[in-house]
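Protein chains in written order, with this note's numbering: chain A, 15 to 502; chain B, 15 to 502.
If you are wondering where the hints come from, they were derived from the structure by calculation, not from laboratory data. Treat the hints with care, since some could be wrong.
Chain copies aren't distinguished; within one or between two, either way the pair holds.
[Said to hold, decoys possible] In silico lysine-lysine, DSSO-like type, Cα no more than 30 Å apart, as pairs:
no. : residue 1 : residue 2
1   : K171      : K423
2   : K246      : K137
3   : K399      : K293
4   : K246      : K356
5   : K499      : K74
6   : K418      : K178
7   : K171      : K204
8   : K137      : K166
9   : K384      : K356
10  : K246      : K418
11  : K384      : K166
12  : K204      : K178
13  : K204      : K418
14  : K137      : K501
15  : K399      : K267
16  : K399      : K178
17  : K249      : K501
18  : K204      : K166
19  : K116      : K293
20  : K399      : K499
21  : K75       : K418
22  : K423      : K499
23  : K204      : K267
Each chain, written out:
2 protein chains.
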Amino acid sequence: MAKFTRRQFLGTSIGGGALLIGGDATAQDTTRAKSAARTRADVCIVGAGYAGLAAAWRLKKAGASVIVLEARTRVGGRTWTMNMKGGGWIDLGGQWVGGSQKRYLALIEEMGAKTYPSPDGGKTLYLGITEPGYFAVTNEKEYDYPGGNLTKVAYDKLDELADKVNPEAPWNYPGAEEYDSNTFAEWLRKNIENENARRAVGGLVSSVACASPEEISTLHMLFLIKACDGLKAIKNDAQELRLIGGTQPVAKKVADRLGAAVKTGQPVRRIEWNAGGVKVHADRMTVEARHAIIAVPPNLAGAIEYDPALPTDRMQVTQRWPQGLVIKVQMVFSEPFWREDKRQLNGASLDYLALVGETADSGVPEEYSKAGILTGFIYSAQARKVAPLPAEERKKIVLQEIAKRFGPKALNPVNYHELNWTTQQWSRGCFTGFLTPGATVLFRSAVRDPSGPLHWAGTETATIWPSFIDGAIRSGERAADEVIKAKG
Amino acid sequence: MAKFTRRQFLGTSIGGGALLIGGDATAQDTTRAKSAARTRADVCIVGAGYAGLAAAWRLKKAGASVIVLEARTRVGGRTWTMNMKGGGWIDLGGQWVGGSQKRYLALIEEMGAKTYPSPDGGKTLYLGITEPGYFAVTNEKEYDYPGGNLTKVAYDKLDELADKVNPEAPWNYPGAEEYDSNTFAEWLRKNIENENARRAVGGLVSSVACASPEEISTLHMLFLIKACDGLKAIKNDAQELRLIGGTQPVAKKVADRLGAAVKTGQPVRRIEWNAGGVKVHADRMTVEARHAIIAVPPNLAGAIEYDPALPTDRMQVTQRWPQGLVIKVQMVFSEPFWREDKRQLNGASLDYLALVGETADSGVPEEYSKAGILTGFIYSAQARKVAPLPAEERKKIVLQEIAKRFGPKALNPVNYHELNWTTQQWSRGCFTGFLTPGATVLFRSAVRDPSGPLHWAGTETATIWPSFIDGAIRSGERAADEVIKAKG
C-alpha cells in the first residue's frame, strides 16, 4: 500500500480546502499501473466507488469483461478509511450500515468483512434548539426537548406524505408539481409554526443530503424519506452497525477480485458513443466497449464531454443535481471520556445553530483500540462560512464547541482529522447529490434512463437507500442488469 | 471561411439533438491552427464567446499578452450566424441589441458594424392565455387581452420589488432568505390569483432565462429584472435593434484583431493554479500565464478540473447554476406574408400553453433579402418534451402551430432551421445559466469573486444585462479590469 505524500494531504489547502492534520493514520490506498493503452472490453465502467465496483463485480460474475476507469489513485470513492497507528481506524467518508441496507450487508458478507454495533446507549445532547446556548440532555427517541412533541408530529406528517411516493417515479406523486416547486424551507414555514420543531425538522436535510432546506425540493425530500424506508430508518437503523476495518476495505476487496481490470489515475474526459458502442477516453487510456456505466456523482457525469452530446433531458438534469456540502471531522482522544460523564452521554449531539451540526461516537471495539473517537459534521451554510479559514483556526473553533458539549477534555485530542469533501475534485461534495426544485417534475426519468449504450449509476440514481452506500451498490447492480438484459 | 461539414450539422441528432434542415445557409466559421504547443502569455482566457473576446480585447489594448482557448472550431459562443444564399442572414443564437445595452452598442461601433431597427409596428397575437385555443390580436403594450390588466399590475409589483435589489449583492435584499427559498412558481401562486395573468407573468422566466417558474429562485428573478433595467426594458427595448450581417460577425471581428492569440478547437480540461499563476491544459496546447479568465457558462466552468480544487463556495455554486433549455427555430419564407394580413400582424405571438412559446419577425432590410423570416422559441418543459422526436416530426408540429397563428402559408417555408442549444456540448443550454433556489443566499459573492489568479466571466456573472450579449461583454471587461488592477 502506497503512503500518501504530504502534497496529497495538503495540496488543496488554498482557499480552505481539504486538510488532514495529525499523524496517526496511513491511507488505505492502491496505486495501479498508469501506462498508456488502448483496450477493449464488453463494458467500460467510469468510477471505482461502490457503485462502479458493484456494477463491475456483477458483470464479471455474469461472464462479461470489464474495465473500470477511476480518476483517483485509490478506489472507494466517497469512502476513505485511515488506519490508526497502534490499531483502530477512522472513516473519513461513508461509515455506517444497518437497517434494511441488505445489498450492502450482502456484499460485506461476500467479501468476508465483519460488522460491529455502533457504540450506543446513553443520552444525546440537544443544543441551541430554542436559542443559542440552550442545552438539554435527552433520550432522543423520546423527543424529550422543547418542541420535541411538535417535531415528532412533523416527522409523522412527513412519513405519511412520503409514504405515497413511488421512488421509481416520484414525478407521479399527487400534487408533484406543487411539492417540487416548493423548497423544503417553504414547506417548513407553511407547516411548522413552532421554531424549535421547524429547526429540528429542517436539520433532516443536513443529515440526509448535507444541503440546506432553502435549496432542496420538498418532493425530493419526500422521495429520499420514502426511498430510505422512512424517517425512523434514516435516523436510527442506518447507523446501527460499523465495519471492522472501516468501509473502504470492502471496496478494495471487490477491486482486488477485479484485479487488473481496475485502472486508477485515469480521469475520463470524453466519451464517443453511438448505438453500436462507446469509446471512453481517459488521460492515458482509451477503452472501446459495447456499453459504458457512468458511476460517478451526477455533476461529474455531466462534466464529461460526450460526442455526440447527451440527450437534452439528461444533459439538463445533471446541471440540476448538485452535491451536498460537508466537512467531516474525526477527533481521536486517548479514551471515550464522554461515556464516563455523569450525564451518561453517548457522544451524540445535535445543534442546529452551531458550526458542528451533529456529533457521534465512532469508537472501534476495544480489542482494536481503546481510543475515544468523536465524529463531527459541519454542514452546508456552516461549512461554507468556515471553509476559507486557516485549518488551525477552524480546528480551534470546532474543539471549543465540542468542549462545551462534552467538557474540557475535548480540547486536547490526540489527533484531529478533517475532510472537506467539496475540495475532492472527483467527488465535489458529499454525502450525495440532490435534485433542485422543479428538476424531478421537469426531467423525470432522465435521472436514470440509459442513453443508448450509456448507463447511469451512483447512489444518486438509486431508488432504495439513495445517498447511502447501499444505494450505490444497488445502482451499480441495476446498471449491470440493464447491460446484461441488453445482450449485445 | 471553412464550410461546416454535414457531420457537424447532423452529428448530434441522436436523441433529439441539434439539427439544421435546409440548405440556404453557410456557417460563418473560423478554423484556426490546431498544432500542439506550450506557450506563455500574461493572461489565458478560456472561451471565445463575447465575454472572453471582450476580456482579451480590453487586455490587449492595455498592453497585456493574451491567449484565448476556445473548445469549438468557431468563435462567438452563444451567437452563431448563418448567411442565406442570395443575401440576408439568420442568427441561431443571440440576435438583438438595444435599450441601455451600451457596452454592446459601443463594441458594435468600434468594430465598424451597423444596426437596423427590428421589424416593428402591427399587432401581436396572444393565444392560449385563457384556455387552449383562445386567440386575441392585441397591442401588447396596452395589455389588451383577458387578464391583461392584472398582468400589468403584477409586472408593476415585480418592478417595484426588484427596484430594491442591488445587483452587485442580491443576497443583501430585505427578506432575501425567504425570496431565495421560494421558486418563482410559488411567488406566482401566492401573488397572482388570476390564471391568465399568472401564466403571462410566468412566461417571463422563459423569455429571460429559458427556464420554468418551478425551478428558478424568486430572488434571482428579481435580480435579473433589476440588473436588466426593469421589465419594460427586458420586454421591449432589448429587442429594438438587430445587426446588419448578424451578431456573430462582430465577435469574429474582435477575434480577427486578436489574430493568432485565438486558438480554436482547444477544449480546456485542466487548470493548475497557485498564487503565482496558472497552467491551462487544453487538448493540444498548454498555456502558462499569470492569470486566467474563465469565460464560459458556470456549469462548464465547473466541469473543468482544477488543481488544487476550487474554493468550497465556488466549487459548490457552479453546481447550482444550470443552463436554460431552448430550441430556437428560424423559418424562412419567400415573403413576410404576415405583414400583409388584414389583422395587421407584426409576426410576434405568445402562447404559454403551446410548443412554440414566442415568435418574432426576424426579417432583414429589403436590400439584403426580401425573404420573410420568423423566429420561434420552444422553451424549457416544452422543449424537453419534443427534443426526443425525429426532427421532421418536430418540424411538422411547429409549422402547424405557426400556421394556426399566421395562416396556411406558414406550412411551406423555403427553409427551416433549428438549434437545440442544450446539445451544443460547449454551451449545454441557452440563453443563460440561472441560479437555483437558495444558491444566491448560500453562496453569495462566490458567483463572481476571483479565486487567486482565476477570474470568472460570462454573461451569468454580469451585474448589468446578465443573460444578454451586453452582459457578456461587461463581464469580460470587468474580469480584464480585475487582472489589470492586480498588476502582477
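Against the structure, the hints:
1. K171 x K423: Neither, since 40 Å and 57 Å both go past 30 Å.
2. K246 x K137: So K246 and K137 pass the 30 Å test inside one copy only (18 Å; across, 60 Å).
3. K399 x K293: between (42 Å within a copy, 29 Å between copies)
4. K246 x K356: within (28 Å within a copy, 68 Å between copies)
5. K499 x K74: Classified as within: same-chain Cα gap 14 Å, cross-chain 58 Å, threshold 30 Å.
6. K418 x K178: neither (42 Å within a copy, 42 Å between copies)
7. K171 x K204: both (13 Å within a copy, 23 Å between copies)
8. K137 x K166: within (18 Å within a copy, 59 Å between copies)
9. K384 x K356: within (20 Å within a copy, 90 Å between copies)
10. K246 x K418: within (28 Å within a copy, 56 Å between copies)
11. K384 x K166: Classified as neither: same-chain Cα gap 36 Å, cross-chain 71 Å, threshold 30 Å.
12. K204 x K178: both (20 Å within a copy, 26 Å between copies)
13. K204 x K418: Neither: 34 Å inside a chain and 43 Å across chains, both beyond 30 Å.
14. K137 x K501: Classified as neither; 54 Å inside a copy, 58 Å across copies.
15. K399 x K267: neither (38 Å within a copy, 44 Å between copies)
16. K399 x K178: between (37 Å within a copy, 26 Å between copies)
17. K249 x K501: For K249 and K501, neither the intra-copy (40 Å) nor the inter-copy (53 Å) Cα distance is at most 30 Å.
18. K204 x K166: Both: 17 Å inside a chain and 29 Å across chains, each within 30 Å.
19. K116 x K293: Intra 34 Å, inter 47 Å, cutoff 30 Å: neither.
20. K399 x K499: Between copies, since 27 Å is at most 30 Å while 48 Å is not.
21. K75 x K418: neither (52 Å within a copy, 58 Å between copies)
22. K423 x K499: Classified as neither; 57 Å inside a copy, 49 Å across copies.
23. K204 x K267: neither (48 Å within a copy, 55 Å between copies)
In summary, the structure is inconsistent with hints 1, 6, 11, 13, 14, 15, 17, 19, 21, 22, 23 from the numbered list given earlier, while agreeing with the others.
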